[in-house]
Amino acid sequence: MSQLVEPFLDNEFMQRALLAGILVSFSCAIVGTYVVLRGLAFVGDALAHGVLPGVAGAVIVGAPVMLGAAAGAVAMIVGVGFITAKSRLSNDSAIGLLFIGLLALGVVLVSSSDELTGDLDAILFGEFLGVSWSDLAVQGIGLVLVAAVCVYAARPFLLLCFDPDLADAMGFGARRHHRLMLALVAGTVVVSFQAVGSLLVFGMLLAPAGTAALVTRRIGSMMMVAMLVGVLSTYIGLSCSYHFDLAAGASVVLSSVIIFFVVLISRSLRRPTVAGAEHE
Amino acid sequence: MRLRLSRSVVVVSLLALSACGSDTESEGTQRPSVVVSTPILGSLVTEIVGDSADVTVLMPNGVDPHGWEASPKEIEALSSADVVVINGLHLEESLEEAIDAARGDGVRVFEAADHVDVIVGVDEDEHSEDESGDVHSEDESDHGHADGDPHIWTDAAAMADVALALGDEFAEAGIDVGDRASVVYERLLTLDNDLRKLVDEVDASERKLVTGHESLAYLAARYEFELVGAVIPGLSSESEVSAGELAELKDLIEAESVGVIFSEAGTPDQVVEAIADETGVDVVELDTHLLPEDGTYDTFMTELVSAIVSALSS
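Top to bottom, those sequences are chains A and B.
FYI, the numbering for the first sequence is 1052 to 1331, going by our numbering.
FYI, the numbering for the second sequence is 10 to 323, going by our numbering.
Read the hints as simulated data drawn from the structure, not as lab findings.
Some hints could be false.
Pair ranges (Cβ atoms, derived) [to be verified]:
no., chain 1, residue 1, chain 2, residue 2, range
1, A, D1214, B, G289, 56 to 64 Å
2, B, D123, A, L1265, 25 to 33 Å
3, A, V1159, B, E294, 22 to 30 Å
4, B, P69, A, W1184, 44 to 52 Å
Anything over 12 Å on all C-beta distances counts as not near chain A; from chain B, calculated [said to hold, decoys possible]:
no., residue
5, Q39
6, D60
7, V129
8, D201
9, A252
10, G268
11, V281
12, A283
13, P301
Beta carbons: idealized from backbone N, C-alpha and C, even for Gly.
Next up, chain A with everything else stripped away, as it sits in the complex (with noise of 0.2 Å):
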């Protein structure tokens, strides 16, 4: 028994990376239930990747980090609003040529510089272990600021996700909260890539809710759910980190996506057909 919270009472930086796992995984339960229900999943992905050449270019400027971010993914929402004004292309190609456009910047920026050698691993993979009380800080603020947004605006989030077309009737303006919602994806990323890397960060966002997604269908619940899963990933992966010898971003990740298809498959052994699951 011991040995399930003896890693965690013994050090102090996984009990710090216990704690950037949870703060982590409630803001992403949160804007990943959005993610899920919106199918925003290709556009996530995308700042996710587009934060690189941000925090890359920070770096070569001496910029905080997080600043350097932010740019990246305000880059990438701007640009694919560009792409799909100024043209015909539909909005998966819009995000596919910024993402690869900003993966591409970022790997140039960083093997352009000397200085940048050997971080773009802690850029992509993250330092879970190396998580700091400023870092924790700045994640517990931003799951405040996630948790304010979502409260007051989480009529128009609900309508958005469900019936677009009523959120504009209703005069809640449709566009303006879509961009809202990506923002808070943005702010979500640049929060949390710390700890998980800008590679991982967006399976936090996308693995807990969609577990979520299966076995419930209110909002509020699957953000419950879904938080539950990251919590239980954090700690199942970084006990695996401890025991086993294994990248701890990376655990953390695999763990909420196991836990996915358990979800998954036991479900589909108790109701055979998917159908079945439509008249809950």
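Could you slot chain B onto chain A? The hints should help.
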């Protein structure tokens, strides 16, 4: 996963590059070309070769070899060289195919690791208990052993042997280097002696090293340090940190009352800070891959060992 695009070549003479190397010997006016992978080997080779050949060093100074990739131009220089000098033991992982191809085309390839006693990396699970790994001399069947530790340049005596072997290699390749190889050999042995004296300033009980990755095994074996552990146990800076290994390292630092963690290029800074905070030890950054301003191996080793000595004795 680490990506790195091509870097500019350090070209001693562009002429040597523009001409195709295979013709160089026949053209009397053209000097032979020697291509070296790392800056540290490059500094020794440049000194030994003198004016007898053009030396091109591929990796930029200070780069983490695991993240570096050659440009097409550099591959071209390599495949048309008269002699290619590499470290070996998979340090030049991104060059291996090009080196094999060059070897197939008849280019002479000199592997420094062939001329030293290679330290074989200890088993990952036992790394912390084991002191410095078992030193055993390399036989042919062991050549290019996946676990051989490539960081041979942190032992000045081993590099003296390499210098001597380089002299023979160049002589066989028809590059006249005079007695410069044996001059370098003698000087490196003196350097080795000086380094030992430096290390003697540190109490034997305090000669404990905790490093970024396992990069100082040769230095530890030669100058009698105890390798306590590494933040990333493994020879490559490429692996990710695991919580288990980090906790183990933390316990070791406390049990062995280590005072300093030596970080280096490619070490995850935040993780090192976290461990240092928790154990109350200092972090000192070492340049294990970076030649100092004067570009000499001697200064490199003196500065490396002095940095370790002063950190351990403060």
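We went through each hint and held it up to the structure:
1. Between D1214 (chain A) and G289 (chain B) the beta carbon distance is about 58 Å. The supplied range of 56 to 64 Å therefore holds.
2. The hinted range of 25 to 33 Å is not satisfied by D123 (chain B) and L1265 (chain A), whose Cβ atoms lie roughly 58 Å apart.
3. Here the CB-CB span from V1159 (chain A) to E294 (chain B) is close to 26 Å, well matched to the stated 22 to 30 Å.
4. Restraint check, P69 (chain B) to W1184 (chain A): a C-beta distance of roughly 36 Å breaks the suggested window 44 to 52 Å.
5. Against chain A, the non-interface label of Q39 (chain B) holds: every CB pair exceeds 12 Å, the least being about 33 Å.
6. Every C-beta of chain A lies more than 12 Å from that of D60 (chain B), the closest at about 30 Å, which supports listing it as non-interface.
7. With a minimum CB-CB distance of about 20 Å to chain A, V129 (chain B) clears the 12 Å threshold, and the non-interface call stands.
8. Every C-beta of chain A lies more than 12 Å from that of D201 (chain B), the closest at about 29 Å, which supports listing it as non-interface.
9. Look at A252 (chain B): its CB is around 4 Å from the nearest CB on chain A, not clear of 12 Å, so calling it non-interface is violated.
10. Every beta carbon of chain A lies more than 12 Å from that of G268 (chain B), the smallest distance being close to 19 Å; the non-interface claim holds.
11. Non-interface status of V281 (chain B) relative to chain A is broken: a Cβ of that chain comes within 12 Å, the nearest being about 7 Å off.
12. Taking the minimum C-beta to C-beta distance to chain A, about 5 Å, the non-interface status of A283 (chain B) is violated against the 12 Å cut.
13. Non-interface call for P301 (chain B) relative to chain A: holds, since the shortest CB-CB distance, roughly 15 Å, exceeds 12 Å.
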